[in-house]
Every structure is written in structure tokens, then in C-alpha cells.
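Here are the chains, one letter per residue:
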Amino acid sequence: MKNIAKLKPNRRNFIKAGMATSAALLSSTSLAQETILEPSRGPGRTIMEMGYYGDRSEYATEARLKGNRGTGLVGGSLTPLQNMQGMITPSGLHFEVHHSGVPDIDPSEHKLIVHGLVGDEKVFTMEDLMRFPAKSHFHFLECAGNGMGEWMSPRGQNVQQTHGLTSCSQWTGVPLKIILNELGVRGDAKWILAEGDDGARMARSIPMWKAMDDAILAYAQNGEFLRPEQGFPLRLLVPGFEGNMNVKWLHRIEVSDTPWWTHHEVTEYADPRPDDKIRAFSFIMEGRSVITSPSAGMKLNGPGFYEISGLAWSGAGTVKQVQISTDKGDSWTDAQLEAPVLPKCHTRFRMPWTWNGQETTIMSRSTDDTGYTQPTYSEMYKLQGPIGMMHNNAIQNWHIAQDGEITNVRS
Amino acid sequence: MFARNTKIVITLAAVAASISLSAIYKATAAEKYGFGRSLGEAEIARYDSDIHTNGKGLPSGSGNVELGRETFELQCALCHGENLEGVPQMGARSMHEGRRDIEKLPYASSLFDFIRRSMPLTDPGSLSSEETYGLVAYLLNETGVTDNPNLTLDAKSLADIKMPNRSNFIIDPASRFTAEDLEDK
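Here the protein sequences line up with chains E and S, keeping their order. FYI, our numbering numbers position 69 of the first sequence as 69, with every residue one higher than the one before it. FYI, our numbering numbers position 142 of the second sequence as 142, with every residue one higher than the one before it.
Note that these hints are calculated values from the structure, not bench results. A quick note: this is a predicted structure, and the numbers were derived from the prediction, not measured. All residues carry an ideal CB built from backbone N, CA and C; glycine is no exception. None of the hints are false.
Dumping the calculated DSS-like pairs for lysine-lysine here, alpha-carbon to alpha-carbon at most 27 Å:
#1 S:Lys-32 - E:Lys-190
#2 E:Lys-177 - E:Lys-190
#3 S:Lys-32 - E:Lys-111
#4 S:Lys-56 - E:Lys-111
#5 S:Lys-32 - E:Lys-122
Only some residues are given here: those of chain E computed to face chain S with a beta carbon under 7 Å:
#6 Arg-69
#7 Thr-71
#8 Asp-120
#9 Glu-121
#10 Val-123
#11 Glu-182
#12 Ala-200
#13 Arg-201
#14 Arg-252
#15 Ile-278
#16 Phe-281
#17 Ser-282
#18 Ile-284
#19 Ile-387
Far from chain E, by Cβ distances over 12 Å, these chain S residues were calculated:
#20 Glu-82
#21 Asp-147
#22 Asp-154
Could you put together the complete structure from these sequences and hints?
Here's what the structure looks like:
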């Protein structure tokens, strides 16, 4: 009673205050007279001090993790999945990979040339492209090399290092089929070449069926123009296909009857198999999931309730089911999928869990609406050899020690 | 009276507008949006630098192993190493092994296209056609695909090279293409 004025207002102290009120009534002393309210914070920053483009709080410090090869011109950054909430990745935290740095392109000078096996060969300005009917879609984008460092043994210290080459945005642009139909595609056309206007003129062959299905010439991401590292002012989006095919700074599309077998499709992003064959044109990022919380680098603060939460996605369709094991894979329980659950899109899953304080390993596995279930590493090794570390979508295990420390383990 | 006349005029104008708008809409939908500018062949040629597997797109000129060796030492060795072993500090991995093994490429056109498109890293597009032909000749010789110190490549001879690993590429069925679809014609 005598100390009540010094108590900070939090939940527990409100309860104490309630008890004190009863005591005060009994002693017929007015509580109001004795309670000193916490002083107001006072005025904050004025509107003049606020930016024209909003900044986050100085206390929100989650950041991409940069990686580069030598010069930094071939490099990228990873999304801090351990800090992400919901299904959308903020544009400023979207992963990036580039092969000759990030070009600085004036959109008023940018052109898209479409030529080859089409009726009309044309050049479009950004203004031209933005006059066509547009569409917005939510889609994940994942680098085929996401988790390549994990292929032979667990190395990443946290889920950003193991899985940070996937992100999810709402993309807006012109459906590519509108442009191709506008120009008229010849019957023998089976492939397009998508080429970027970066220093590397990054180029990939894309099947015509994909171009005419759900490919988008995207100029916006999460409601605003693309970020430079995401291809400003124009990128190709081929939903569910490996990140590298979603060519950034897109400036040329050639229509042809055969694929080009470009450097990236025959070396970096092809899959060497155990029998020395090389799997080419493995475009689709297949079903995958990972628990983002709790995950490696975190520490559980003693036994009790924890929500297990993570992300699942499939480049082949829609996530149908995510199962979680909290006992090293012996038993599996369905997690709840948080709406909206969309095709070729990150899906947030959640499951309540009470940790008993014993050492264990937790993991998730996803199944998509084609019936494909995420494989284990031993299943994946049968498909891809020791240097076939691309398209790694194996189940991820997190070990929880008795002291609550969480680490990246294989089994 | 004045007000009434105005009302009639506006109504008529609205009807006229709706007729002409719907006519325009139908014409647009049936025909084309018409945005963009048509391109002539000369303009396309300025941008159309890619090489097809059958050699379409290869420029005129030629280059031999010796020119390739000189060019490699000047332009490439700093990152790729004197013996193609790669200089990790510069970000280049070996061209002899792993996923960047030149000898395992399916087409020589893939190599020519990539060098011309993306290399050297700090000044892409700066190599002449002769230097690029020479580099391909030098690299094929160094990696054992060919064994001819006098090899000279041009558009025809480069397109004629059969890479030994071509038949080891298998096509992911999810691409909706088969090996037969992608056989060389």
C-alpha cells in the first residue's frame, strides 16, 4: 500500500493496484489522492521532421545478410526469415542476387524489345507497357541456390543463412501473354530468351507455355515501383520458376523454336546427378518448408508454451498441408495454414507447442496440391550428386538442447 | 425552357458519346492496343547479340588458339588463373571441374555466347569477335575438348563442334519438353 505510487504500470501492478483499492476502501482512504500517474511522453517529432518516404523505427534493425564472390559484382543478400512475420517480405529485405552489379537505369530511357518469331517486332517504352491492362499477384521468388551451402553438411548458423534466398511480394505488371498476343506468335515458336540490361546481359531461355501462362512483365512490387536490386524499372516474373529465370532489368525478349542453352542454364543452375548425367531445364522450385521460429541461433527460455511458426511454398502449386514433428521425426502433427493460402506463394504456418525441457529435434515437411511431399536429404541424394547442390528443398532439422540452445543439424 | 433544352442536349450528347465509346472499345478489343513502335531489321541487329545452338548469330571473323592464349592472359587470367584453376579471392572457380567444367558444356555456342555477353566482368562487351573466337578455341583446347594447337574457329567451324557431353544432358519432364523435342536439327 505504501509503495503503490512508485509502482510502474504493468499488468501485474494493475492487479496489485486492484488489491490496494480494496484495502484502501477498508481504510476509507481515497486511492485517487495517492496515485501519481506516469508522466506523459510529451510531444513527438513534428510532421516537418518526418520523411516523405517513411522510415522504420530505429529499434527495428533486422537486415539482409550480404554475401559476395571476390569483387562484389557477383553477389547477393539473404532475407532475415527469422525476423519476418506473416507471408510478405518487405521490399527492402527481399533477397537479391546479381551477376554484374546493380545497374542504375532511367525509366524514361528504358526500352523492351520483342522480336524473333512474332508477327510484329516492336520496342516498348515503360509508358507503353504501363498502358496495357495490368495484373497484381502474390508470389514467392526463390533462388535455385537457396541452401546450397547446406548440401553436404549443416553449416548455416541461422535460418537466414540456410534459407534466406526466398522472399515473397505482391507483383504488378502486364501479363506477358498480352504482349505476345498483341504481336502475334508464330506456330513454331516454343521458347523465348529473356535478357537483362545489366553489365552481364543475364539471359535465360523460358518455355513459351510459361510465357503464355502466368508470366508477368513486372514494374511494381508491394505497391510501389521495383527496387533497383529487384530489376527497376522492369523484370520478368515467372511464378514458381527458379529465381535466376525472373530476369531483372529486362530489355529484350527473343522468340524462337529452340532454347539457347545459355551459360546459366547449363552450368550454374543445372543439376549434376550421381550417374554423371546432368538434369537441365529443372525450372520449377518444388515444395519446401522451414520452421522460422524457433530456429537455429535462438534459445528457448525454459520449458513452457512456444508457438512453432514457419513458411511453406511450392513452385508447382498451392501448399495443402504442413506437418511438424517435435520428436525427431517419430510423429507428425498438422500445422494450421494461415490465410490467404495462394498458389506459388509463401504460406505462413503455425502450431502451438509446449516444450517439456528435454533435448529434441523439430522439423517441418510440406505437401502441395500436386501431391508432392518435401523430401529428406537421403531422398535428395539419390536424385542429385555431391556437386548437385541447386534446388535443395530437403527437410530442415533444428536441434533443441536441454539448455534451450537451438542449432542446425542434419538428423 | 432554357433548362429543359439543355437537359435534352446533354442526354443526346451522352447517348452519342456512349455509342462512339462502345464502337472504339469493340474495335480495340477485336484488333490491337497498338502501343509500341515497330522495329526494322537494322535496329534489331544492334541488340540481337545472342548465339543459337545451330550457330545462328555468330559474327563474321575468326580467331585461333594463339590469339586466344594472348587474350586470356591479358583479359581473363587475373580472375580465372593461368591454368583455369580459378582465383577464389576474385570470385572465379575452376573451369576444370564442378558445375563450371567447360568440357561438360552441351554446345560451344554456350561458351561463345557467355564470353561475348558477360565477360570480362569489369568490361563486358569489350572483346572483338576475333578475340572471342580465339578464346573459345583456346579454352576448348586447354580443357581437352579439342587437341589442335592450330585450331582456328569461325562461325561455321564453331557451329560444327560436337561437344562430348551433349548426350549426358537429360531434360526435366516438368519443363514439358523431352530429349526428342530438343534434339539438334
